[in-house]
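Chemist: Chain residues, written in single-letter form:
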Amino acid sequence: MEAMPDLSVTTRHALQEAVLTPRFYTTDFKAIDALDIDKNGLRDEFEWIKDEFAHDYNKGHFKRNEEFLAGFDDMPVRQLFIEFLERSCTAEFSGCVLYAEMVKHLKDPTMRQIFQLMSRDEGRHAGFINRTMADLNVALDLSVLQKRKKYTFFQPKFIFYTVYLSEKIGYSRYINIYRHLEKSPDHIIHPIFKWFEEWCNDEYRHGEFFSMLMRSQPDLLNKPSNRRWIRFFLLAVYVTMYINDARRESFYKALGLDWRAYDQDVIRLCNQISTQVYPVTLPVEDPRFFQHMDAIIAYDRQAEALATRNDPVAQAQKARLRAAIGMRMFTLFRMEPQITTSQNKWKGLQGFPNYPGPDRPLRVAAAD
Amino acid sequence: MKKLSALALTAATGVALWQWFERETLREGEATVYLQSEHEHFHLHVDLPPGMEIQPGDTLEIVDMPKVPSGQTQGEMSYRSPVKLFKASWLRRTLIKRSSLVEVNELVEHP
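The listed protein sequences derive, respectively, from chains A and B. Using my numbering, read the first sequence as starting at 1 and increasing by one per residue. Using my numbering, read the second sequence as starting at 369 and increasing by one per residue.
Treat the hints as calculated values from the structure; they're not laboratory data. A hint or two may mislead.
[As the list claims (entries may be wrong)] Result set (SDA-like, lysine to any residue): computed pairs, CA atoms no more than 20 Å apart in a straight line:
{"no.": "1", "chain 1": "A", "residue 1": "Lys150", "chain 2": "B", "residue 2": "Lys435"}
{"no.": "2", "chain 1": "B", "residue 1": "Lys455", "chain 2": "B", "residue 2": "Pro417"}
{"no.": "3", "chain 1": "A", "residue 1": "Lys147", "chain 2": "B", "residue 2": "Lys465"}
{"no.": "4", "chain 1": "A", "residue 1": "Lys149", "chain 2": "B", "residue 2": "Glu392"}
{"no.": "5", "chain 1": "B", "residue 1": "Lys465", "chain 2": "A", "residue 2": "Val144"}
{"no.": "6", "chain 1": "A", "residue 1": "Lys107", "chain 2": "B", "residue 2": "Pro417"}
{"no.": "7", "chain 1": "A", "residue 1": "Lys104", "chain 2": "B", "residue 2": "Ile422"}
{"no.": "8", "chain 1": "A", "residue 1": "Lys30", "chain 2": "B", "residue 2": "Pro417"}
{"no.": "9", "chain 1": "A", "residue 1": "Lys50", "chain 2": "A", "residue 2": "Met214"}
{"no.": "10", "chain 1": "B", "residue 1": "Lys465", "chain 2": "B", "residue 2": "Trp388"}
{"no.": "11", "chain 1": "A", "residue 1": "Lys30", "chain 2": "B", "residue 2": "Thr462"}
{"no.": "12", "chain 1": "A", "residue 1": "Lys147", "chain 2": "B", "residue 2": "Ile430"}
{"no.": "13", "chain 1": "A", "residue 1": "Lys149", "chain 2": "B", "residue 2": "Ser449"}
{"no.": "14", "chain 1": "A", "residue 1": "Lys318", "chain 2": "A", "residue 2": "Thr308"}
{"no.": "15", "chain 1": "B", "residue 1": "Lys465", "chain 2": "A", "residue 2": "Tyr151"}
{"no.": "16", "chain 1": "B", "residue 1": "Lys452", "chain 2": "A", "residue 2": "Val144"}
{"no.": "17", "chain 1": "A", "residue 1": "Lys104", "chain 2": "A", "residue 2": "Lys59"}
{"no.": "18", "chain 1": "A", "residue 1": "Lys150", "chain 2": "B", "residue 2": "Ile422"}
{"no.": "19", "chain 1": "B", "residue 1": "Lys452", "chain 2": "B", "residue 2": "Ala399"}
{"no.": "20", "chain 1": "A", "residue 1": "Lys150", "chain 2": "B", "residue 2": "Ile430"}
{"no.": "21", "chain 1": "A", "residue 1": "Lys104", "chain 2": "B", "residue 2": "Lys435"}
{"no.": "22", "chain 1": "A", "residue 1": "Lys107", "chain 2": "B", "residue 2": "Ile430"}
{"no.": "23", "chain 1": "A", "residue 1": "Lys347", "chain 2": "A", "residue 2": "Pro279"}
{"no.": "24", "chain 1": "A", "residue 1": "Lys147", "chain 2": "B", "residue 2": "Lys435"}
{"no.": "25", "chain 1": "B", "residue 1": "Lys465", "chain 2": "B", "residue 2": "Ile422"}
{"no.": "26", "chain 1": "A", "residue 1": "Lys107", "chain 2": "A", "residue 2": "Pro156"}
{"no.": "27", "chain 1": "A", "residue 1": "Lys107", "chain 2": "A", "residue 2": "Leu35"}
{"no.": "28", "chain 1": "A", "residue 1": "Lys150", "chain 2": "B", "residue 2": "His413"}
{"no.": "29", "chain 1": "A", "residue 1": "Lys50", "chain 2": "A", "residue 2": "Thr308"}
{"no.": "30", "chain 1": "A", "residue 1": "Lys59", "chain 2": "A", "residue 2": "Pro279"}
Chain A with its partners taken away, still in its complex shape (with noise of 0.2 Å):
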């Protein structure tokens, strides 16, 4: 592999360690392990995404070039910035290891290849902005790996529903970013946003195998206390995508972005796609939807302007808040579903290789 030129930038910011926070995850991996792939016949399908995940799309991708030797003192939004890149390594790195956990745990040779080359993306991602903020001065303090690590256990289905939401509404949220900043370059604070829209892809493709996953149970997509937790999950997502954005205004402003106008963009591009495989999804066009969403915004804003207050009326104002909150999460999960049809069903991206049938050309992986 061609050698890295030494690409550091000078900065005179102080030096600064990154907080990394990492999750580690275990689940039920026998249970996944059992999962018959080859029962409904997708197992053609399982090799031709191993392939194209072999095929290694973004290889030469994560490349450095000069623009980063610039300096970046003078950034706008610097630390915004900063733990923008800190909650986006930690969440790369999670994945990465998630990923290998899987590999360590499954015995099926397809599936441990799927998880070891998507374990290889998020490590690449998580490599890249680990790189960008040590231009920064940011220094990751790593002995937080050394420390106790707790496993969060979640059931399998729920890490199937939430890492597939949570690739595909990356892949929706870096490819709104950077078509915005297409057309309007004098918004690139930093170039790492140039590099959004094949690291994106990487994510898309992440969340095309979770669904061919989905599919290959039809009891996780079928059943009715499952399509409940799908609501659920999908309602999770866009909840918590919407509070967090609205707590970072100044953050999208100095991209150009009007965070309320992105996150409903971010909100509707996923909902699309989830129709790929979900057969129900929320109904994100009837205005009460948005409606709601913005209520709740408006209940956290009153709760953060009292977060340093701990005096008794505080504390009964903020479980007053809260509880609103949870009323209206309720209602938008008891809003009538938008139920997925042939007709509103997500045919693909446009120019992504979409599986061909079994009779495709035989791939060949990317040379080094």
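Start from chain A and add chain B according to the hints.
Modeler: Quick look at chain B alone, frame taken from chain A:
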């Protein structure tokens, strides 16, 4: 008197349950740690010794961590390190398995 005895019994049961919940069993061994923290890749993988398995509620501590200047390695490092696996009690494990949804925030949050 009866009320007092019932109260004492409830309190004793509560304490016993709490102690059971909190009880940990320590298992020690030597693992292989793979760490890469640089531009090309950032990952940490730990190969635990045979028979040492992480289950819900367990916590793992890697005892040794080499000095990594500025948090950047040169390629992938692999090294042997003692590890401590704190096995959760049956009660904690069962409760965690049943209540994982409480931590759903971890799964649905996206940068």
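Chemist: Work down the list of hints and note, for each, if the structure agrees.
Modeler: Here's how the hints hold up against the structure:
1. Pair hint Lys150 (chain A) plus Lys435 (chain B) does not hold up; C-alpha atoms about 23 Å apart against a cutoff of 20 Å.
2. Proximity of Lys455 (chain B) to Pro417 (chain B) is assessed by CA-CA distance (about 15 Å); at most 20 Å being required, the pair is judged to hold.
3. At roughly 23 Å between alpha-carbon atoms, Lys147 (chain A) and Lys465 (chain B) are farther apart than 20 Å, so this suggested pair is violated.
4. A threshold of 20 Å between alpha carbons decides the hint, and for Lys149 (chain A) with Glu392 (chain B) the separation of about 14 Å falls inside it, so the pair holds.
5. Annotation: proposed proximity of Lys465 (chain B) to Val144 (chain A) is violated, straight-line Cα distance about 25 Å (limit 20 Å).
6. Using a Cα cut-off of 20 Å, the hinted pair Lys107 (chain A) and Pro417 (chain B) holds, with the two alpha carbons roughly 18 Å apart.
7. Under the criterion of a C-alpha separation no larger than 20 Å, the hint pairing Lys104 (chain A) with Ile422 (chain B) is consistent with the structure, at around 12 Å.
8. A threshold of 20 Å between alpha carbons decides the hint, and for Lys30 (chain A) with Pro417 (chain B) the separation of about 19 Å falls inside it, so the pair holds.
9. Distance hint between Lys50 (chain A) and Met214 (chain A) is fulfilled; the C-alpha atoms sit about 16 Å from each other, no more than 20 Å.
10. Only pairs whose Cα atoms come within 20 Å are accepted, and Lys465 (chain B) paired with Trp388 (chain B) is accepted, the gap being roughly 16 Å.
11. Distance hint between Lys30 (chain A) and Thr462 (chain B) is fulfilled; the C-alpha atoms sit about 17 Å from each other, no more than 20 Å.
12. Using a Cα cut-off of 20 Å, the hinted pair Lys147 (chain A) and Ile430 (chain B) holds, with the two alpha carbons roughly 7 Å apart.
13. Simply put, Lys149 (chain A) and Ser449 (chain B) have alpha-carbon atoms about 15 Å apart, close enough for the 20 Å limit, and the pair holds.
14. Restraint check for Lys318 (chain A) and Thr308 (chain A): satisfied, since their Cα atoms lie roughly 11 Å apart, inside the 20 Å limit.
15. The suggested pairing of Lys465 (chain B) with Tyr151 (chain A) holds, with an alpha-carbon distance near 11 Å, which does not exceed 20 Å.
16. For a cut-off of 20 Å, the pair hint linking Lys452 (chain B) to Val144 (chain A) stands: about 15 Å separates their Cα positions.
17. Note on Lys104 (chain A) and Lys59 (chain A): the hinted pairing is violated, with a Cα-Cα distance of about 24 Å set against a maximum of 20 Å.
18. For the proposed pair Lys150 (chain A) and Ile422 (chain B), the alpha carbon gap of about 10 Å is at most 20 Å, so the pair holds.
19. The suggested pairing of Lys452 (chain B) with Ala399 (chain B) holds, with an alpha-carbon distance near 10 Å, which does not exceed 20 Å.
20. This hinted pair checks out: Lys150 (chain A) and Ile430 (chain B) have alpha carbons roughly 12 Å apart, not beyond 20 Å.
21. Restraint check: the Cα-Cα separation between Lys104 (chain A) and Lys435 (chain B) comes to about 27 Å, which exceeds 20 Å; the hinted pair is violated.
22. This hinted pair does not check out: Lys107 (chain A) and Ile430 (chain B) have alpha carbons roughly 27 Å apart, beyond 20 Å.
23. For the suggested pair Lys347 (chain A) and Pro279 (chain A), the alpha carbons sit about 14 Å apart, so the restraint of at most 20 Å is met.
24. At most 20 Å may separate the alpha-carbon atoms for a hinted pair to count; Lys147 (chain A) and Lys435 (chain B) meet this at roughly 15 Å.
25. A C-alpha spacing of about 13 Å is found between Lys465 (chain B) and Ile422 (chain B), which places the hinted pair at or below 20 Å, so the restraint holds.
26. Our distance criterion of 20 Å between C-alpha atoms is met by Lys107 (chain A) and Pro156 (chain A), whose separation comes to about 16 Å.
27. With a C-alpha separation of about 11 Å, the suggested pair Lys107 (chain A) and Leu35 (chain A) falls inside the 20 Å cut-off, and the hint holds.
28. Simply put, Lys150 (chain A) and His413 (chain B) have alpha-carbon atoms about 15 Å apart, close enough for the 20 Å limit, and the pair holds.
29. As the CA atoms of Lys50 (chain A) and Thr308 (chain A) are separated by approximately 50 Å, the hinted pair breaks the 20 Å bound.
30. Under the criterion of a C-alpha separation no larger than 20 Å, the hint pairing Lys59 (chain A) with Pro279 (chain A) is inconsistent with the structure, at around 34 Å.
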